[in-house]
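Student: What follows is each chain in one-letter form.
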Amino acid sequence: MLSRAASSASRGLAPALACLGSRQKHSLPDLPYDYGALEPHINAQIMQLHHSKHHAAYVNNLNITEEKYREALAKGDVTTQIALQPALKFNGGGHINHTIFWTNLSPNGGGEPKGELLEAIKRDFGSFDKFKEKLTAVSAGVQGSGWGWLGFNKEQGRLQIAACPNQDPLQGTTGLIPLLGIDVWEHAYYLQYKNVRPDYLKAIWNVINWENVTERYVACKK
Amino acid sequence: MLSRAASSASRGLAPALACLGSRQKHSLPDLPYDYGALEPHINAQIMQLHHSKHHAAYVNNLNITEEKYREALAKGDVTTQIALQPALKFNGGGHINHTIFWTNLSPNGGGEPKGLIPLLGIDVWEHAYYLQYKNVRPDYLKAIWNVINWENVTERYVACKK
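Protein chains in written order, with the numbering used here: chain Z, 1 to 222; chain C, 1 to 162.
No wet-lab data here; the hints were simulated from the structure. Just so it is clear, the structure is predicted and the values come from calculations on it, not from any experiment. Incorrect hints may appear among the rest.
Cross-link-like lysine to any residue pairs, in silico, SDA-like; alpha carbons within 25 Å at most [what the hints assert, rightly or not]:
1. C:142 to Z:191
2. Z:194 to C:136
3. C:89 to Z:141
4. Z:134 to C:136
5. C:53 to C:28
6. Z:122 to Z:89
7. C:25 to C:83
8. Z:122 to C:39
9. Z:194 to C:83
10. Z:194 to C:39
11. C:25 to C:43
12. Z:134 to Z:45
13. C:134 to Z:27
14. Z:194 to Z:154
15. C:68 to Z:140
16. C:53 to Z:45
17. Z:130 to Z:25
18. Z:89 to Z:108
19. Z:194 to C:30
20. C:68 to C:85
21. C:134 to Z:134
22. Z:122 to C:53
23. C:68 to Z:194
24. Z:114 to Z:63
25. Z:134 to Z:192
26. Z:221 to Z:211
27. C:89 to Z:195
28. Z:154 to Z:195
29. C:134 to Z:211
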């Protein structure tokens, strides 16, 4: 079910983004589990608001922005095309990021990855614990709203940790291929953890879906 | 009390920023009203976390950053001075913004300004409204107008025209 969500998300996004003339609308992907499934680590109220309100708004606003972009493109109105870029990046990035995020989490998650991904983590970070510490620190250090990411650097053939501000998408802005994202916008944790972002960052490791992260890693090495 | 808070904030910030060698530490200004004073528009839980945790963290981290900056300055370590700029902007800005924000709000606020054009900040970080308004920022933005302290905002305008 998780791989179905991941691949239907890619099927949903890639063709729509590629063919602006095809009038395909983006849609909110279903969560692969109930809103309460990640308790006690991330509570149901957060998951419901995060998915059905925040992610839904990115989807709606992305569709609106793309419609305006099509009109501007048809009119040759380059000024408007450029003026729409921030909204495209924000809402498009928000849709991309959250679509990945839901698949990165699972009620059966936690523990450590195995096999190829674990070997790569040991090679590129020294140990799983050092990797976990680093991603946690980078995510904690994001000033304001943004994401911490484990990404794959295709050029150098190695894993890399990065932070992105706001909803900037990892691949679109850095070229790194996203494997695992940690949302540190306050809406991702505030209702449960208040200002104590580090407590949220401690808890989220209990629900990381290493199968999905591994699938993404294997896919991008092809 | 509100004008006292405003001018003590400027007295607190301006000399400290101007004379890095004076070893003055920034401090969290007192809120000019109780945490629950702006209910029902902004609830007490938000005000308490926002002031005693978020703003307090900006103050603490600003002091830490400025101490590191002094050390780098003393050593002529320009690389470190430059590397500290983002933290200075983030924490210094956070302290400045919130110091102004508390004075911009009042339990006796609302209504309309009389005559002069005001200077006013509205915090739209999620921590400023999420516990009460969740994702519906517009509802928070509707409510906050009930607690805008126009006296303070006007004072600031008059002061900056001098």
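Student: Now, for every hint given, state plainly whether the structure supports it.
Tutor: Results of checking the hints against the structure:
1. C:142 to Z:191: holds, 21 Å
2. Z:194 to C:136: Holds, at roughly 17 Å.
3. C:89 to Z:141: holds, 15 Å
4. Z:134 to C:136: violated, 33 Å
5. C:53 to C:28: This hinted pair holds, its Cα atoms lying about 10 Å apart.
6. Z:122 to Z:89: violated, 33 Å
7. C:25 to C:83: Holds - the C-alpha atoms of residue 83 of chain C and residue 25 of chain C are around 21 Å apart, at most 25 Å.
8. Z:122 to C:39: violated, 52 Å
9. Z:194 to C:83: Not satisfied, since the Cα-Cα distance of roughly 29 Å exceeds 25 Å.
10. Z:194 to C:39: Judged against 25 Å, a Cα distance of about 19 Å means the pair holds.
11. C:25 to C:43: violated, 30 Å
12. Z:134 to Z:45: violated, 29 Å
13. C:134 to Z:27: Satisfied, since the Cα-Cα distance of roughly 22 Å is no more than 25 Å.
14. Z:194 to Z:154: violated, 37 Å
15. C:68 to Z:140: holds, 20 Å
16. C:53 to Z:45: Holds: residue 53 of chain C and residue 45 of chain Z sit about 23 Å apart, inside 25 Å.
17. Z:130 to Z:25: Not satisfied, since the Cα-Cα distance of roughly 41 Å exceeds 25 Å.
18. Z:89 to Z:108: violated, 32 Å
19. Z:194 to C:30: holds, 21 Å
20. C:68 to C:85: holds, 11 Å
21. C:134 to Z:134: Violated, because 30 Å separates the two Cα atoms, which is more than 25 Å.
22. Z:122 to C:53: violated, 37 Å
23. C:68 to Z:194: Outside the cut-off at roughly 29 Å; violated.
24. Z:114 to Z:63: violated, 39 Å
25. Z:134 to Z:192: Holds. Residue 134 of chain Z to residue 192 of chain Z sits at ~24 Å (cutoff 25 Å).
26. Z:221 to Z:211: holds, 16 Å
27. C:89 to Z:195: It holds: about 20 Å lies between the C-alpha atoms, which stays within 25 Å.
28. Z:154 to Z:195: violated, 36 Å
29. C:134 to Z:211: Violated. Residue 134 of chain C to residue 211 of chain Z sits at ~32 Å, over the 25 Å cutoff.
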